[in-house]
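K.L.:
Sequence:
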Amino acid sequence: MNTETASTPERSDFVRDIVAADLREGRIDSVVTRFPPEPNGYLHIGHAKSICLNFGIAGEFGGRCHLRFDDTNPLKEEQEYIDSIQEDVRWLGFDWGQHLYFASDYFEQLYDWAVLLVRDGKAYVDDLSADEIRSHRGTLTEPGSNSRWRDRGVEENLDLFARMRAGEFPNGARVLRAKIDMASGNINLRDPIMYRIVHATHPRTADAWCIYPSYDFAHGQSDAIEGVTHSICTLEFQDHRPLYDWFTANLPVPSVPHQYEFARLNLTHTVLSKRVLLRLVNEGSVRGWDDPRMPTLTGLRRRGFPAEGLRDFVAMAGVARADSVIEVEMLEHAVRDILNRNAPRRFAVLDPVKVVIDNYPEGLTEEMEVPNNPEDPDAGTRTVPFTRELWIEREDFMEDPPSKFFRLAPGREVRLRSAYFITCTDFLKDDDGRIVELHCTYDPASRGGSTPDGRRPKATLHWLSASHTIPAEVRLYDHLFTSPHPSAGGRDIFEDLNPESEVILSGCLVEPSLVSVPIGETVQFERVGYFCPDPDSAPGVLVFNRTLGLRDTWAKLQAQGRHDGA
RNA sequence: UGGGGCGUGGCCAAGCGGUAAGGCAGGGGACUUUGGAUCCCCUAUUCGCAGGUUCGAAUCCUGCCGCCCCAGCCA
Numbered sequence: 001m002n003t004e005t006a007s008t009p010e011r012s013d014f015v016r017d018i019v020a021a022d023l024r025e026g027r028i029d030s031v032v033t034r035f036p037p038e039p040n041g042y043l044h045i046g047h048a049k050s051i052c053l054n055f056g057i058a059g060e061f062g063g064r065c066h067l068r069f070d071d072t073n074p075l076k077e078e079q080e081y082i083d084s085i086q087e088d089v090r091w092l093g094f095d096w097g098q099h100l101y102f103a104s105d106y107f108e109q110l111y112d113w114a115v116l117l118v119r120d121g122k123a124y125v126d127d128l129s130a131d132e133i134r135s136h137r138g139t140l141t142e143p144g145s146n147s148r149w150r151d152r153g154v155e156e157n158l159d160l161f162a163r164m165r166a167g168e169f170p171n172g173a174r175v176l177r178a179k180i181d182m183a184s185g186n187i188n189l190r191d192p193i194m195y196r197i198v199h200a201t202h203p204r205t206a207d208a209w210c211i212y213p214s215y216d217f218a219h220g221q222s223d224a225i226e227g228v229t230h231s232i233c234t235l236e237f238q239d240h241r242p243l244y245d246w247f248t249a250n251l252p253v254p255s256v257p258h259q260y261e262f263a264r265l266n267l268t269h270t271v272l273s274k275r276v277l278l279r280l281v282n283e284g285s286v287r288g289w290d291d292p293r294m295p296t297l298t299g300l301r302r303r304g305f306p307a308e309g310l311r312d313f314v315a316m317a318g319v320a321r322a323d324s325v326i327e328v329e330m331l332e333h334a335v336r337d338i339l340n341r342n343a344p345r346r347f348a349v350l351d352p353v354k355v356v357i358d359n360y361p362e363g364l365t366e367e368m369e370v371p372n373n374p375e376d377p378d379a380g381t382r383t384v385p386f387t388r389e390l391w392i393e394r395e396d397f398m399e400d401p402p403s404k405f406f407r408l409a410p411g412r413e414v415r416l417r418s419a420y421f422i423t424c425t426d427f428l429k430d431d432d433g434r435i436v437e438l439h440c441t442y443d444p445a446s447r448g449g450s451t452p453d454g455r456r457p458k459a460t461l462h463w464l465s466a467s468h469t470i471p472a473e474v475r476l477y478d479h480l481f482t483s484p485h486p487s488a489g490g491r492d493i494f495e496d497l498n499p500e501s502e503v504i505l506s507g508c509l510v511e512p513s514l515v516s517v518p519i520g521e522t523v524q525f526e527r528v529g530y531f532c533p534d535p536d537s538a539p540g541v542l543v544f545n546r547t548l549g550l551r552d553t554w555a556k557l558q559a560q561g562r563h564d565g566a
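The first sequence maps to residues 1 to 566 in this note's numbering.
Among these hints, one or two may not hold up.
PhoX-like cross-link-like pairs, simulated, lysine-lysine; straight-line CA separation at most 25 Å [to be verified]:
1) Lys-179 with Lys-122
2) Lys-429 with Lys-354
3) Lys-404 with Lys-429
4) Lys-274 with Lys-122
5) Lys-404 with Lys-556
6) Lys-404 with Lys-458
7) Lys-76 with Lys-274
8) Lys-354 with Lys-458
Computed Cβ-Cβ distance ranges for the label pairs, DEER-style [what the hints assert, rightly or not]:
9) Glu-108 with Ala-320: 19 to 29 Å
10) Gly-153 with Arg-24: 16 to 26 Å
11) Leu-364 with Gly-59: 50 to 60 Å
12) Arg-287 with Ser-467: 44 to 54 Å
13) Gln-560 with Glu-521: 31 to 41 Å
14) Asp-351 with Asp-443: 55 to 65 Å
15) Arg-287 with Arg-491: 23 to 33 Å
16) Asp-323 with Pro-377: 44 to 54 Å
Hint data in this document are derived by calculation from the structure and do not stem from the laboratory.
Just so it is clear, CB atoms sit at the ideal spot from N, CA and C, and this is done for glycine as well.
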């Protein structure tokens with residue numbers, strides 16, 4: 001490795017700048033952040049950005065990051081999600097230590113604080129219906145008007161709020177509101193709702209409560225209770241910041257956190273809206289939340305994307321306040337970069353065609369030594385059996401090749417990787433004109449892939465011994481949506497679903513060592529791409545997912561040729 | 001005609017008054033027992049537009065234009 005001086009600039013962005021300045025100027029002693037998901041769905045790559053930001057900052061500045069579930073709405077939240085979120089954050093590579101919290105842990109404290117605001121005349125029970133509240137709220141350009149219940153007495157408010165908690169009223173009968181300013185230009189300040197009545201079972205507190213705090217009344221105070229210093233969220237909460245600050249300013253909170261907002265992650269050919277992801281699952285467009293085409297962390301994991309690649313991608317993309325849509329190619333680059341360095345190389349033939357080496361002894365099996373990863377000499381070598389009859393990729397032979405085609409063709413010599421040079425002498429076709437068998441001769445002096453005379457074929461092919469082969473199903477994946485911006489333009493994005501987002505190949509063949517690749521490990525099928533075993537694999541029935549293909553300049557050339565030739 | 005934000009190359013993104021980093025994508029070349037990887041080189045006389053301040057502006061000021069978010073008893 002080269003000797004880089006300490007001048008290597010740390011990754012920086014506006015949030016890290018703020019944290020660094022707060023530390024440097026003594027406004028805080030150490031940084032505390034939090035990742036605060038609502039357990040109402042699976043985490044996706046957009047959440048990965050927030051997770052990497054919050055945990056990343058805590059790690060870089062020697063602070064800590066909490067995992068806090070924002071479980072204030074029992075109608076939408078489930079234990080299943082609480083479990084999956086923890087699994088996904090851990091998989092991404094982060095550890096919250098002892099700092100696992102739930103907003104519901106603070107329900108009693110939050111209630112006490114609400115009572116305090118009522119006593120101070122800063123909150124009131126409103127009997128208006130949801131519709132009435134909406135019509136009193138005004139519009140974006142017109143101020144709202146006060147509820148007729150806005151000025152009722154403290155004692156009556158106290159009594160009513162207590163009875164709300166006691167379960168005396170049905171859902172929607174009353175709410176508790178902060179008394180701020182119905183004429184504010186910021187609609188969040190027009191007497192926001194602090195508590196609503198919801199008779200529902202909560203995944204953590206069960207039936208202990210029938211009133212639940214709103215996001216606005218819970219979030220900042222939860223941060224304050226935990227000593228969070230920097231409460232980092234996405235841009236759409238900017239308008240909530242004045243309210244966040246209003247509550248911490250009007251309540252005896254133990255600390256005063258501050259909120260900062262960044263732009264959420266968007267990717268081309270991808271949709272991250274929970275609503276749409278749910279539809280994809282419910283309408284059977286994909287097989288589930290963990291379908292390898294889903295942008296969920298569980299889906300990406302099943303697809304074979306390494307967590308490190310995701311982290312690198314997030315770092316590469318940066319954090320800013322401008323709305324943006326990142327090209328998926330950047331993600332794919334980050335993932336390939338990790339995989340290229342780490343993934344063991346293996347042989348697999350997706351679309352096999354038979355090769356017979358006429359001058360190779362019948363019945364002989366040689367064990368050829370093949371490097372596990374040319375990028376990493378420490379990965380060592382493995383042994384792959386070589387015999388007279390082999391399989392190669394159908395697309396690696398052309399009867400009548402164009403000038404740019406370097407692979408096997410009649411009369412042409414190519415190298416079989418780590419084995420021998422072979423020259424095609426003949427080929428057989430079936431009645432439909434389809435190639436069924438190639439005949440070749442080999443050069444015994446080329447064993448291992450080089451010859452004394454230094455001949456260098458233009459192509460090197462992967463291969464498999466016909467008598468040492470494991471059958472496999474291979475699932476090829478591509479973008480779920482055809483358009484780079486599926487949600488743009490107002491049309492139904494389901495019309496933009498890529499019909500070839502999943503292509504299932506049967507009759508594929510892989511080398512014997514592949515029977516034992518553990519789930520979660522991604523390998524490279526040499527010259528083909530990165531693949532990982534799918535959990536659908538069963539003894540005797542291997543299933544591989546294509547994580548990503550290799551960059552393919554030949555395919556690019558062919559595509560160009562098609563265009564030029566038009 | 002309300003409030004809050006944002007506008008730097010195809011896509012991200014540094015830059016914080018001293019004369020446009022970096023990555024991805026794209027193009028060209030070298031090398032190569034993966035048409036992979038790697039390595040070189042090329043791609044903004046210009047920072048939404050127009051004025052102004054200044055010796056000097058992407059950075060400061062004014063005006064305009066464009067885009068995003070907000071009217072859940074969701075988060």
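K.L.:
Each of the hints needs a verdict: does it hold here or not?
P.N.:
Status of each hint after checking the structure:
Restraint check: the Cα-Cα separation between Lys-179 and Lys-122 comes to about 5 Å, which is no more than 25 Å; the hinted pair holds. The suggested pairing of Lys-429 with Lys-354 holds, with an alpha-carbon distance near 11 Å, which does not exceed 25 Å. At most 25 Å may separate the alpha-carbon atoms for a hinted pair to count; Lys-404 and Lys-429 meet this at roughly 24 Å. Distance check on the hinted pair: Lys-274 and Lys-122 sit about 35 Å apart at the alpha-carbon level, beyond 25 Å; violated.
A C-alpha spacing of about 12 Å is found between Lys-404 and Lys-556, which places the hinted pair at or below 25 Å, so the restraint holds. Between Lys-404 and Lys-458 the CA atoms are separated by roughly 11 Å; this keeps the pair inside 25 Å, and the hint holds. About 12 Å separates the Cα atoms of Lys-76 and Lys-274, which keeps this hinted pair within 25 Å; it holds. Proximity of Lys-354 to Lys-458 is assessed by CA-CA distance (about 21 Å); at most 25 Å being required, the pair is judged to hold.
One distance hint, 19 to 29 Å for the beta-carbon pair Glu-108 and Ala-320, is violated here, with the actual separation near 39 Å. Roughly 50 Å separates the CB atoms of Gly-153 and Arg-24, a value that falls outside the hinted 16 to 26 Å. Range check, Leu-364 to Gly-59: Cβ separation about 57 Å, and the 50 to 60 Å hint holds. Our hint of 44 to 54 Å for Arg-287 and Ser-467 is violated, since their Cβ atoms are close to 35 Å apart.
As the Cβ distance of Gln-560 to Glu-521 is approximately 36 Å, the hint placing it in 31 to 41 Å holds. A hinted range of 55 to 65 Å is violated for the C-beta pair Asp-351 and Asp-443, which are about 26 Å apart. Roughly 25 Å separates the CB atoms of Arg-287 and Arg-491, a value that falls within the hinted 23 to 33 Å. At about 45 Å, the beta-carbon gap between Asp-323 and Pro-377 stays in the expected band of 44 to 54 Å.
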